[in-house]
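Peer 1: Residue-level listing of the chains:
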Amino acid sequence: MATYNLTTPLTDEDIVQLKAGDVVNLTGTIYTARDAAHKKLIEALDKGETLPFELEGSVIYYVGPAPAPPGCAIGSAGPTTSGRMDVYAPRLHSLGVKASIGKGKRTQEVRDAMVQYKGVYFGATGGAGALLSQRITESEVIAYDELGPEAIRKLTVKDFPLLVVNDAHGAEQYATPNYEL
Amino acid sequence: MKSIKAQDIRDAVRDMIMDACRILPDDVYGAIKSALDEEESESAKEVLTQLIDNADLARNTQLALCQDTGAAVFYVDYGEDVQIEGGTLEQVINEGMVEGYDKGYLRKSLCHPLTRKNTGDNTPAIIHSHVVPGDELRIKFMAKGGGSENMSKVAMLKPAQGWPGIKDFVVRTMAEAGPNPCPPTVVGVGIGGTFDLAPSLAKKSLFRPIGERNADPEIAAMEEELLAAINDLGIGPMGLGGKTTSLDVKVEMHPCHIASLPVAVNVQCHSSRTKEVVL
Chain Z
1 MATYNLTTPL TDEDIVQLKA GDVVNLTGTI YTARDAAHKK LIEALDKGET LPFELEGSVI
61 YYVGPAPAPP GCAIGSAGPT TSGRMDVYAP RLHSLGVKAS IGKGKRTQEV RDAMVQYKGV
121 YFGATGGAGA LLSQRITESE VIAYDELGPE AIRKLTVKDF PLLVVNDAHG AEQYATPNYE
181 L
Chain P
1 MKSIKAQDIR DAVRDMIMDA CRILPDDVYG AIKSALDEEE SESAKEVLTQ LIDNADLARN
61 TQLALCQDTG AAVFYVDYGE DVQIEGGTLE QVINEGMVEG YDKGYLRKSL CHPLTRKNTG
121 DNTPAIIHSH VVPGDELRIK FMAKGGGSEN MSKVAMLKPA QGWPGIKDFV VRTMAEAGPN
181 PCPPTVVGVG IGGTFDLAPS LAKKSLFRPI GERNADPEIA AMEEELLAAI NDLGIGPMGL
241 GGKTTSLDVK VEMHPCHIAS LPVAVNVQCH SSRTKEVVL
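Heads up: the sequence lines are chains Z and P, in that order. Final position of the first sequence in UniProt numbering is 181; the numbers increase by one with none missing. Final position of the second sequence in UniProt numbering is 279; the numbers increase by one with none missing.
Do not rely on the hints blindly, as some may be mistaken.
[To be verified] In silico SDA-like links for lysine to any residue, alpha-carbon gap of 20 Å or less:
#	chain 1	residue 1	chain 2	residue 2
1	Z	LYS39	P	LEU114
2	P	LYS167	Z	LEU181
3	P	LYS108	Z	PRO69
4	P	LYS45	Z	ALA20
5	P	LYS243	Z	ASN178
[Stated by the list, open to error] In silico negatives: residues of chain P with every beta carbon more than 12 Å from chain Z:
#	residue
6	GLN67
7	ARG138
8	LYS140
9	GLY162
10	ASP196
11	PRO209
12	GLY241
13	ILE258
Source of the hints: derived by calculation from the structure; they are not laboratory data. By construction, the Cβ of each residue, glycine as well, lies at the ideal position given by its N, Cα and C atoms.
For reference, chain Z alone in the conformation it holds in the complex:
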């Protein structure tokens, strides 16, 4: 288990060195998007429109932050359940997205896409939204303002604490439940 300090945009070299279970402190620019924003991104792609941010090397954070109290760049901002974005993730990886940040399990299709296109899935601690917000120094809505908490935000993060849950080699860090399903 290793610790890496990475800066966005991420490259294939950044990604392939990571193994499930590694810790990553991420610095740079990341983009927020959750359910409704993903739907709009995919619709924009289908229409051949330009997306609100450059996908190549990008990191998408599945989050709908709380409003910012006075003096804060952003309100509480922990990860949301990633599985809801699984239907969109393979296409975004195929277009250059390098990593997503969320919590919870991914489908085999997403894991396969990460192997094929050299991507990773980072877990952040769900519910630790106050703590995680302290590592976000800037926040700006760049698209879909009408979606409120689901708008796409450009975040600047410093040493954002992440765990590699799924790596680009097919491995996963989650425990297998001790129960026959």
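Following the hints, put chain P in place on chain Z, whose structure we already have.
Peer 2: Positioned in the frame of chain Z, the structure of chain P alone reads:
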């Protein structure tokens, strides 16, 4: 007849919501600390330490514990000798809720189920009210997050399945939920009643403090058996493995039809945010 001013209820609801979303209840905080003492794996300890740090930070700032400040769920015991002066129960709770979410910098998460358009102010609150004897108005609030709620399930079992069937359904539900609902969870189980009552019992049980067993010793034994079985799953904090998959299991039971055995599991995340006021 006791008269309570609508404004007093609004203020109480507003303050209760702001506190509930920032201050982790003592029983939950204590349970996470105890779990930290028990855990041996580094990732489990790291997650639980972050949760303690997060709770300390939220308590001392205007930041919410979690960005998902939930659907606003209320269980109200409405004394039959209470009169609200200047509004209806539903109206004053919704008004207090809107103010609380606004002033508390809390995320408004409710939307139209199909268009997904946000209602803008977290309305309508989800209110379960029961008329009870007396002249008290007891309002319980739960900030119910979506990630854990999505892992909840209801089943209409066959009576012959009995306790083994119930136990299998509950443990299976938590095994399938895995890391998704932000473990360590609190699990509410409703057994009996009807299709609609079982989930309501399950949710109502989540207001009981962690560590408090059902007053009925047989049901208390079921709670302990389910908690042990769920923790044996080894899912652990955030699904990364460990001893603490759930902090507690609560069971509520109600008689049901001779043909039925409804069972509901309402999953709550580690940030089990509840608070109550009595007016």
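Peer 1: Hint by hint, note whether the structure agrees.
Peer 2: Structure-based check of all given hints:
no. : hint                : result
1   : LYS39/Z / LEU114/P  : holds, 13 Å
2   : LYS167/P / LEU181/Z : holds, 14 Å
3   : LYS108/P / PRO69/Z  : holds, 14 Å
4   : LYS45/P / ALA20/Z   : holds, 18 Å
5   : LYS243/P / ASN178/Z : holds, 12 Å
6   : GLN67               : violated, 4 Å
7   : ARG138              : holds, 28 Å
8   : LYS140              : holds, 21 Å
9   : GLY162              : holds, 19 Å
10  : ASP196              : holds, 26 Å
11  : PRO209              : holds, 19 Å
12  : GLY241              : violated, 4 Å
13  : ILE258              : holds, 31 Å
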